[in-house]
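K.L.:
What follows is the residue order along each chain.
There are 2 protein chains.
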Amino acid sequence: MNQDYIKPDNWSIIEEGFYPEQIKSSESLFSLGNGAMGQRANFEERYTGPTFQGSYIAGVYYPDKTRVGWWKNGYPEYFAKVLNAPSWIGIDIEIDGEALDLNTCKSVSNFRRELNMKEGWYLRTFEATLPNDIEIEVRVLRFLSLVQDELGAIRYQLKILNKDAKVKFQSYLDSGIKNEDSNWDDQFWNTTQVVSEGEQAFIEAQTMKTNFETCTFMENEVYLEEAVQTAAPEINKEALKVTHSYSCSVKKGEQLTFIKYAGYTVSRNHKADALIQAARETLSQAKEKGFDQLLAEQAAAWSRIWEMSDITIEGDQKAQQGIRFNIFHLNQTYLGTDSRLNIGPKGFTGEKYGGSTYWDTEAYCIPFYMSTKDHHVARNLLEYRYNHLEKAIENAEKLGFNNGAALYPMVTMNGEECHNEWEITFEEIHRNGAIAFAIYNYYRYTGDYSYIPEMGLEVLIGIARFWFQRATFSKFRNKYVILGVTGPNEYENNVNNNWYTNYIARWCIQYTLEQLEQVKDGYPDDYERIMGHAKLTDSETEGWATVAENLYCPHSEEYNVFLQQDGFLDKELITVDDLDKSQRPINQKWSWDRILRSPYIKQADVLQGFYFFEDHFTTDELERHFDFYEPFTVHESSLSPCVHSIQAAKLDRMEQAYRFYLRTSRLDLDDYNKEVEEGLHITSMAGTWMSVVEGFGGMRIRSDKLCFAPRIPKEWESYSFKINFRNRIIKVNVSKEGSSFELEGKEEMSIRVNGERLVLTPNTVTPA
Amino acid sequence: MNQDYIKPDNWSIIEEGFYPEQIKSSESLFSLGNGAMGQRANFEERYTGPTFQGSYIAGVYYPDKTRVGWWKNGYPEYFAKVLNAPSWIGIDIEIDGEALDLNTCKSVSNFRRELNMKEGWYLRTFEATLPNDIEIEVRVLRFLSLVQDELGAIRYQLKILNKDAKVKFQSYLDSGIKNEDSNWDDQFWNTTQVVSEGEQAFIEAQTMKTNFETCTFMENEVYLEEAVQTAAPEINKEALKVTHSYSCSVKKGEQLTFIKYAGYTVSRNHKADALIQAARETLSQAKEKGFDQLLAEQAAAWSRIWEMSDITIEGDQKAQQGIRFNIFHLNQTYLGTDSRLNIGPKGFTGEKYGGSTYWDTEAYCIPFYMSTKDHHVARNLLEYRYNHLEKAIENAEKLGFNNGAALYPMVTMNGEECHNEWEITFEEIHRNGAIAFAIYNYYRYTGDYSYIPEMGLEVLIGIARFWFQRATFSKFRNKYVILGVTGPNEYENNVNNNWYTNYIARWCIQYTLEQLEQVKDGYPDDYERIMGHAKLTDSETEGWATVAENLYCPHSEEYNVFLQQDGFLDKELITVDDLDKSQRPINQKWSWDRILRSPYIKQADVLQGFYFFEDHFTTDELERHFDFYEPFTVHESSLSPCVHSIQAAKLDRMEQAYRFYLRTSRLDLDDYNKEVEEGLHITSMAGTWMSVVEGFGGMRIRSDKLCFAPRIPKEWESYSFKINFRNRIIKVNVSKEGSSFELEGKEEMSIRVNGERLVLTPNTVTPA
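Respectively, the protein sequence lines represent chains E and H. In this text, residue positions in the first sequence follow my numbering: the first is 162, and each later residue adds one. In this text, residue positions in the second sequence follow my numbering: the first is 162, and each later residue adds one.
Among the hints, erroneous ones may be present.
The list makes no distinction among identical chains, and a pair is therefore deemed to hold if it is satisfied within one copy or across any two copies.
Said to hold, decoys possible - Derived lysine-lysine pairs resembling BS3-like cross-links, with alpha carbons at most 30 Å apart:
1) K320 to K835
2) K267 to K640
3) K329 to K897
4) K696 to K450
5) K559 to K320
6) K907 to K640
7) K168 to K907
8) K327 to K883
9) K559 to K185
10) K552 to K534
11) K750 to K370
12) K267 to K185
13) K185 to K479
14) K185 to K226
Hints are computed from structural coordinates only; laboratory data are not their basis. A quick note: this is a predicted structure, and the numbers were derived from the prediction, not measured.
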């Protein structure tokens, strides 16, 4: 943890000072993305110090088939790798023949980075003295356009402070890139064409095995003060690189401005043979608008996003900065415009967790997107799973299930499982529950039932069939049991009767049975169509009901709590507080077997069930389970603090709730887990949003009604957020004095605040 | 399973007929080895059909550092790969310009292989018609010398049957070899020198990363009928290959004989810069003796091995062939002459199970070597572990243990753990128990206590400390528990309180406490020396005793059996007989999670405990546990049938014992597991030996006395075996009529047969 790293600011992420040991972490924190592509905040100019280079294109991955050790039956064919894509940011600088490299400069001063979240750009400024004693001042601004999502732009401004000199900008595209996580010198890209055409250049490259076709492109402009320089570039074409070099003689104090328009066109959006043409069109539009107009459009586009999704916090700048950082990165990662894409746990900020989609999407991200975007965005995320139903059925078949049982993958790029650790891939089956829960949650929140007859019911049937088959009968207990699973707490593997898994399995079956009735009654045509494929019989659904009714859920009489799993009480129940601090985080200090036999909980497990199914339990029950499990929880998953923050708020333990809030919202900014250099924790950022809206705001949907129970941490003066509930926009303000609600639109609407009905008149601030 | 594959014969393994789909399996079955090196039975001449090429050098491996997926704390640095070594067997044949390749011949007839186990050679004969219509007769004999273990020899004899022709022998050494299990085109060898020197050639090559230095060498001779041909070879040197070619004109019916002396000198035995010189000396000795004398020496050396280790079986040729096949391959793999070497599960017959040493050595192999060799061989195997004690302590430290706790590796080449699956590497800790048990067993059998004060006690202390630290206290049970283990039955992972593990842990501690007392009393100097390092305090040993006395061992009241692990009764207890045959073997048909939640047992687990600690239990208890667990046992480990055969024999269930015997002894010959092409199951072959000697012969050591309880399967007329018990050689004959014993040496000795004392007079057959 490093709380002095990022300067507090309401709207920007700011780093001051040049600290080489912090370069990789800052490369993560200042990452840019626009839903279609993203980049770590690598320097444009050469840098020979330690760095983690990364450019990523949405949906582009590599199926790694390396095998090590024992191969277990049922393992997927490959392990997906997020691929470092050809780089277009490179602009090497030479001044009087000396390369600019911050690692070799005699001095670097006034180094500053700013990620302006309000307008969506990243600025880096510094002064430096080169080995040849030339003193320079640099100011580089970069953004990835939200408006034209194949385009990025860089404005690299430079002044020589102490003499006249000759400056050479070497702007390049490079497909000779590698992954950080490669074994040996694996190459993942086939470069098929390197083209230089006047002021423009293109590299066509194809991913190996997956054959994603990409064109990386650029065009440059040079200005001396205001005057455009028209000399043609010197061109250098290599096998995997094309460089356009521009040389200018510049007087002391004159400003040189180098503008680079660049980006990717990809075969997801264009015909493979039209990528260069598409790139030419993008470049010509960019040139026509020019850098300043593009930047203005960028600010306007971000303004529209913030208009709906901003959360303000008064009186606590770090908390304010934290929540905006989370909302900003969520929107950089996924904008909901393409149902083929999803939300990777590291977004466009690193290589880890190769794969785009985890249960994080359903359990954590959908509420954020439902509330801050049009509902079709959340529906797109649900459709993503519907589109993968066939593959989920195949996945279950590989593991020995049949009759249309569906097991959604733990990690996927395209519906296929692409991770191969048996304890995760084969056993962390609770993910199926989150996918069903998201369907329930989507309808509960949006009121759009149409998804269920149109698509959702088929998903539910596949999931119910899976649970039915996965449960086995224990003669010993005279109950159905679910053996050999990994729950949300991945610090337990291959356990029997994980309470969360069993509970959500039972709920899935019962919810599916209810939806079958509802669709049968309300949507007979859909029902008939679905039954046509599903061939569901009464005896099958009776079997489901029997399993659901008789599913064992472990419970301790002694502690009067549900047990995380069979045998949990056999552990040495030493709380985290009593654990020596030198042993933390245990996932870095302890071997895996030691973690497994400890009582320590990585993230909410039983409490995840209490989060999803809060209304099934009394507040007393919540309190008892929170008091039992939280003391063993190490929160070493980024997904952990948010759920605990929400529950602590509900239990009116505001100090604890606030501590968890800071941990979730500033996890990366303050580098709690000492690993931010690997990339950011994108999906948990949606949990941060939940901890404000559901935690402090107490937002719930009960019986079709929007409900709030606002609380405020003592550190805050006030906070506000906006939500889209069933196409009504409501702004919520909470201050120490009380809360108020402001409804957009034309019709009245009634909500509940702290259990009391409150009628909101449009465009009026209604105090609660 | 394929019972028609290998022709029954008392002394030879014989295959008749040319079946390309069987080539890889035969390459395993006809493998040769001499303890220092070994080879699969690949053809000398070119073969373009499917083949699995393999030559192996004892102790030579590669540390594969490939990483895939999540890397868990505590994982070893590398995964050891058994390396395919430079090949020296190659002799390509060209006749009138046409290459001999059995895959392209117009016809192949009278194809026959014989592995003569009595004399230790491998013969291949065939007739073939080449694409150019030349008809040939070939007879190739190959052996790896036991007398000079760096040397092998090939005699390749050829006649042209239908015309005069020109024959060219292209004899080569090749270091451009790869592993079958490589990812991509990984190379594991650096070839440093390719030398051709007159009639001799050498390739020096070094393994990457491990830097084992090897010299592969050859020298050839050609005879036309009896006359040696003196023309100098045509020499072709390439980067990774050297070929000496010899051309002869030969008349129809004349016999051409090509002799190749070849082998490896290695840096384990010579200075790295003296390998070629050592090879020259080996070749000159070989040439001096000549092929026939070398072959005679080979037969004599094998005769000495058989003299002591043979088991005869009358009336059941398949059983006879099976046991000799097992004894032969054990001796091909390990001869006990080098305490740096050990017994790999696949010996020199394949690449699987990268690593030389598993708990197989202690649990299965040591009894065979103790009984059929001088006791120093078994002691060498124990010393191997003593020499690795420091590394076992380091291994435990990596997993968080301290104070000299030792965890021996699951898989090792040099004392370091070299396998990385957490459920095995970190959790299959019962291996520590087998290492302690072998110390006990060595003393019990040989009466040589000296190993314990000199070395063994230190090993025992490290192991006891491990168990003491590994057990944790369960308040819930008010007992010590051992959580998160994998027992011998690897079809259960991360279980709590595996009975076998807990039982042997308790025994280890108690045995160590006893030995501490014994050494203190009997070997005070050793005791002082050991305590000097170990710093063992009374309070530490009291702690051990407390854990041992209070270690929980799961038991079922309902079935009155010890439970394999906590929760075993939660499973669907469907016996193997009731499992559809199409589902077998489950390790090929089922996904890993399905195997884990099934009740099926891969190999003896609770019953392994009853095997090791037979005297702790009544025969009734054995019977009850056998009846409970055997019906769930799928015997998909090669180590399974032997233990069950011994216990079935003890329970006087001779039909079942015989069935298990056939399964263990002919596992590879009849390819029970449909995988013999991957290599042979070497370590389980020692279990086959046990199933005759301990199973049918009923040999036990009780209170320092050698005991027998002979039984005979109804299929057999008689059987006999010889053992070395405390340097006394006793031959045991068992027939349907009864048993008799013959003692070598000069002094009388008393044994017990079926509980009755029997005095053996030397050199007299004493009936029981």
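K.L.:
Does each hint hold? Answer for all of them.
P.N.:
Hint check results:
1. Taking the shortest alpha-carbon separations for K320 and K835, neither the intra-copy value of 37 Å nor the inter-copy value of 74 Å comes in at or below 30 Å.
2. In this assembly of identical chains, K267 and K640 lie within 30 Å of each other by CA distance neither inside one copy nor across copies; the values are 74 Å within and 66 Å between.
3. Taking identical chains as interchangeable, the C-alpha atoms of K329 and K897 are never at most 30 Å apart, the minima being 58 Å within one chain and 99 Å between chains.
4. For the identical chains of this complex, K696 and K450 are neighbours neither inside a copy (57 Å) nor across copies (80 Å), given an alpha-carbon limit of 30 Å.
5. Taking the shortest alpha-carbon separations for K559 and K320, neither the intra-copy value of 62 Å nor the inter-copy value of 54 Å comes in at or below 30 Å.
6. Taking identical chains as interchangeable, the C-alpha atoms of K907 and K640 are never at most 30 Å apart, the minima being 54 Å within one chain and 69 Å between chains.
7. Proximity of K168 and K907 under a CA criterion of 30 Å is satisfied in neither setting, with 42 Å inside one chain copy and 92 Å between copies.
8. In the homo-oligomer, the alpha carbons of K327 and K883 never lie at most 30 Å apart, since the shortest distance is 53 Å inside one protomer and 93 Å across protomers.
9. Only between protomers do K559 and K185 lie at most 30 Å apart by alpha-carbon distance; the minimum there is 28 Å, versus 40 Å within a single protomer.
10. In this assembly of identical chains, K552 and K534 lie within 30 Å of each other by CA distance solely inside one copy; the values are 29 Å within and 59 Å between copies.
11. When the C-alpha separation of K750 and K370 is checked against a cutoff of 30 Å, the pair qualifies only between copies, where the shortest distance is 28 Å, while the shortest distance within a copy is 37 Å.
12. For the homomeric pair K267 and K185, the shortest alpha-carbon distance inside one copy (21 Å) is at most 30 Å, but the shortest distance between copies (66 Å) is not.
13. Within a single copy, K185 and K479 get their C-alpha atoms as close as 22 Å, which meets the 30 Å cut-off; across copies the closest is 67 Å, which misses it.
14. For the homomeric pair K185 and K226, the shortest alpha-carbon distances inside one copy (28 Å) and between copies (25 Å) are both at most 30 Å.
Consistency with the previously given hints fails for numbers 1, 2, 3, 4, 5, 6, 7 and 8, ordered from lowest to highest.
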